[in-house]
Amino acid sequence: MGLKKTRSFFSGDKQRAEMRIIKKAVLVETPDTRIVKVDVYAPLIAGKARPGQFVVLMVKEEGERIPLTVVGTDERAGNITLIFQELGLTTKLLGKLNEGDSLYALTGPLGRETDIKKYGKTILIGGGVGIAEIYPVAKAMKEAGNRVDVIIGARTRAFLILEDELKAFSDELYTATDDGSYGEKGFTTDILRTLLAGNSGSAAKDVMVYAVGPIPMMRLVSSITGKLKIKTLVSLNALMVDGTGMCGSCRVSVNNEVKFSCVDGPEFDGHQVDWEELDKRNRIYRDKEKHVCRLNRL
Amino acid sequence: MTKKSIKPDELNPSVRTNDFSEVLLGYNEAQAREEAMRCLQCKNPACVAGCPVGIDIKKFIFQIVEKDYRAAYLTIKKKNNFPSICGRVCPAEYQCRKACVLTGKGSSFASERAINIHLLERFVGDWGMRNLKDGNTVGPETESVSGKHRDAAAVVGSGPAGLCCAGELARSGIKVVMFESLHKTGGVLRYGIPPFRLPQEVLDFEINYLKKLGVEIRTNVVMGKAMTLDELFKDGFSCVFLGLGAGTPSFLGVSGENLCNVYSANEFLTRVNLMSAFKFPEYHTPINTGKRIAVIGGGNTAMDSARVALRLQKINNITPDVNIFYRRTEKEMPGRRPEIQHAAEEGIKFEFLVQPVGFEGDKEGRLEKIKFLRCRLGEPDSSGRRRPVPIEGSVFEKKCDIAIIAVGLGANRVLTKVTPGINVDKWGDVLVDPETMQTSLSRVYAGGDIVGGEGTVIEAMGMAKKASAAMIKCLRP
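In order, the protein sequences belong to chains C and V.
Each residue of the first sequence is one higher than the last, beginning at 1 in our numbering.
Each residue of the second sequence is one higher than the last, beginning at 1001 in our numbering.
Keep in mind the hints are simulated off the structure, nothing from the lab.
Any given hint might turn out to be false.
Within a straight-line C-alpha distance of at most 20 Å, the following computed SDA-like cross-link-like pairs (lysine to any residue) qualify [unchecked claim]:
#1 LYS259/C with SER1250/V
#2 LYS259/C with TYR1283/V
#3 LYS280/C with GLU1257/V
#4 LYS259/C with PHE1251/V
#5 LYS1279/V with TYR285/C
#6 LYS259/C with ARG1413/V
#7 LYS1363/V with LYS60/C
#8 LYS259/C with LYS1417/V
#9 LYS1363/V with ASP287/C
#10 LYS290/C with TYR1283/V
#11 LYS290/C with GLU1282/V
#12 LYS60/C with GLU1282/V
#13 LYS1417/V with ARG112/C
#14 LYS280/C with ASP1362/V
#15 LYS259/C with GLY1428/V
Across the chosen pairs, the derived CB separations fall in these ranges [unchecked claim]:
#16 GLY1421/V with GLU184/C: 48 to 56 Å
#17 GLU277/C with VAL1389/V: 26 to 34 Å
#18 LYS229/C with ASN1208/V: 55 to 63 Å
#19 VAL26/C with SER1021/V: 44 to 52 Å
#20 SER1394/V with PRO214/C: 42 to 50 Å
#21 VAL1418/V with PRO216/C: 30 to 38 Å
#22 GLY1358/V with ARG112/C: 28 to 36 Å
For glycine and all other residues, C-beta sits at the position ideal for the given N, C-alpha and C.
Chain C with its partners taken away, still in its complex shape:
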């Protein structure tokens, strides 16, 4: 009978093994924060995750459930790659785990995948740790036959991650730093404005802009492209609990309709997102987050 075919879902040990950190690399280290990359053994997710999708994980039983974008998959090895900046308690605790340690919970892939197709010209914009999140999309857009222009930006040179990796899939790659320590001094949106100059009207028809980063960046990108009527997708970072459409913590207003980021998103038409509301909702627990970080001396 077919049972021998059944993948070993079964023993508790295997489940633990299925959330083990296989590889860990610190991509950025500064006195106040780090950006860390981990490969986690998660064969079910590795076999399914598509660009744009995310996982929800817990570091320990007392922990929070947080969403993280799947940056890459290695289906043969059964691994997924996650890249995160140590900002809140959970990402700081996650950063403390080492190779061989296991997560407490890991589920996915969640959310809808990016609509990968031939648009013509795509401009992908990543800000801060959002650079990691545009990486799988850039790769897939290139494979789908698009021109891929990439703009990445960060506050300073140290935070500009994945530049070489992204170069491999981009026709042009532009960099910006707030302090001018690398690339253009200024913001990704400044470069976008330059690139789009002359791209209004019919020329804008074949352009697609994809942006992931801090809310002010995505908002400004959407405002720039909105005036030019250029299709723009943004990947939102709303607060989540279950990540499966059960709680509504991540609800956002899109075109005046209530949407759940976890199941209806995380990508939405940037021109229709109520940014003000998202920004406010994302601050709901800011004081508590600071408090719990202090308590844990993190």
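Based on these hints, arrange chain V on the given structure of chain C.
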């Protein structure tokens, strides 16, 4: 004339609201026997027909009288694998107790005189939990289970329906793997029902019973995302049961509903019950509380939310101020009477015939007040209850820091959306053959709230039992 019913001990409202301890203490042995002796042992017991899973109530009550608690436990277990859960959360006043001969004909719910069947069931279940440490697998059917499995069934969802179906299949010697999307099992019993109504240890004990029966539990798997039903069959499963629940919270669709501190009941309860936000910062999931809390709705979820909210206020040294706003009157409230009564005892206030029309916030986007319209009752609607009709010009405001919206739940479509050929109705509920609970797909069955909309735990179990019987037939023709 029969004696008056035996009241179970309860924690005093002022004490119990300081934490999440169980409110209803249940019967001790003497109380249980005294209550059991009130049973008339009818020749044709109507109570049995009133139980969605057909427990031989008359028999187990007699066994309590006889002090043969082990036998009573086995009698219940024959039909219901989870006596300690059902004894706590079954709305007995609409089921077995309503059918009890002591209720009298034609009453819409149980009379005070009806035997407290649920409390007796709980007594027996808890007796088993204490005294049959390994032995909660005992039972005539289970002894015959050997290590050999000819077929495997996948159960999707570990809530009431999934738990029941998994138990029934495993007891028939069928290999079962139960998949759960969250990191803990139990579904709504874990994330929805607060520990003061159903302690986590009770839930753990009853679920542990399934593990002893050989059920494999696989948490963190979102079916439809990590795997499809097709892949389950390819992986060697011969039959699938869908106990997906009613997981999508409804909102009111009024302005300001996305303000900070406006929660769906599902989010509020999940943060507290599943994620233990009431133990913040020891547990890391936060939840906000405030001076004035409004709960919108009149069902059990509204009662649970209000009682959780009140406890959070006390834990945070805030003078309790929780108000339930319901658009009909007390009579039409869908919540269980004992729950409404418990809420009232704890100091929760009720305002009837009011309907929220908008939420307003401060410049940080935090909730400050709710605007309501007063209502009057009109003609009965499709539910048979009189419809609330808003009164024009009756708008008024209530200051409020936290609002919890408990106005119902719908189907979660994550799995059905990606499953070709599965028929659902316009609300996303899965359509089944009512006799076998089979869906429009061969070898795929469903039960619980994903079929019937919001029902009770025991109704879900009743559907799961029907489905499991058909699945056993399918696997063992």
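Verification of the supplied hints:
{"no.": "1", "hint": "LYS259/C with SER1250/V", "result": "holds, 12 Å"}
{"no.": "2", "hint": "LYS259/C with TYR1283/V", "result": "violated, 28 Å"}
{"no.": "3", "hint": "LYS280/C with GLU1257/V", "result": "holds, 13 Å"}
{"no.": "4", "hint": "LYS259/C with PHE1251/V", "result": "holds, 11 Å"}
{"no.": "5", "hint": "LYS1279/V with TYR285/C", "result": "holds, 15 Å"}
{"no.": "6", "hint": "LYS259/C with ARG1413/V", "result": "holds, 14 Å"}
{"no.": "7", "hint": "LYS1363/V with LYS60/C", "result": "violated, 36 Å"}
{"no.": "8", "hint": "LYS259/C with LYS1417/V", "result": "holds, 17 Å"}
{"no.": "9", "hint": "LYS1363/V with ASP287/C", "result": "holds, 17 Å"}
{"no.": "10", "hint": "LYS290/C with TYR1283/V", "result": "holds, 14 Å"}
{"no.": "11", "hint": "LYS290/C with GLU1282/V", "result": "holds, 14 Å"}
{"no.": "12", "hint": "LYS60/C with GLU1282/V", "result": "holds, 12 Å"}
{"no.": "13", "hint": "LYS1417/V with ARG112/C", "result": "holds, 12 Å"}
{"no.": "14", "hint": "LYS280/C with ASP1362/V", "result": "holds, 11 Å"}
{"no.": "15", "hint": "LYS259/C with GLY1428/V", "result": "holds, 17 Å"}
{"no.": "16", "hint": "GLY1421/V with GLU184/C: 48 to 56 Å", "result": "holds, 54 Å"}
{"no.": "17", "hint": "GLU277/C with VAL1389/V: 26 to 34 Å", "result": "holds, 32 Å"}
{"no.": "18", "hint": "LYS229/C with ASN1208/V: 55 to 63 Å", "result": "holds, 59 Å"}
{"no.": "19", "hint": "VAL26/C with SER1021/V: 44 to 52 Å", "result": "holds, 45 Å"}
{"no.": "20", "hint": "SER1394/V with PRO214/C: 42 to 50 Å", "result": "holds, 45 Å"}
{"no.": "21", "hint": "VAL1418/V with PRO216/C: 30 to 38 Å", "result": "holds, 35 Å"}
{"no.": "22", "hint": "GLY1358/V with ARG112/C: 28 to 36 Å", "result": "holds, 31 Å"}
Consistency with the previously given hints fails for numbers 2 and 7, ordered from lowest to highest.
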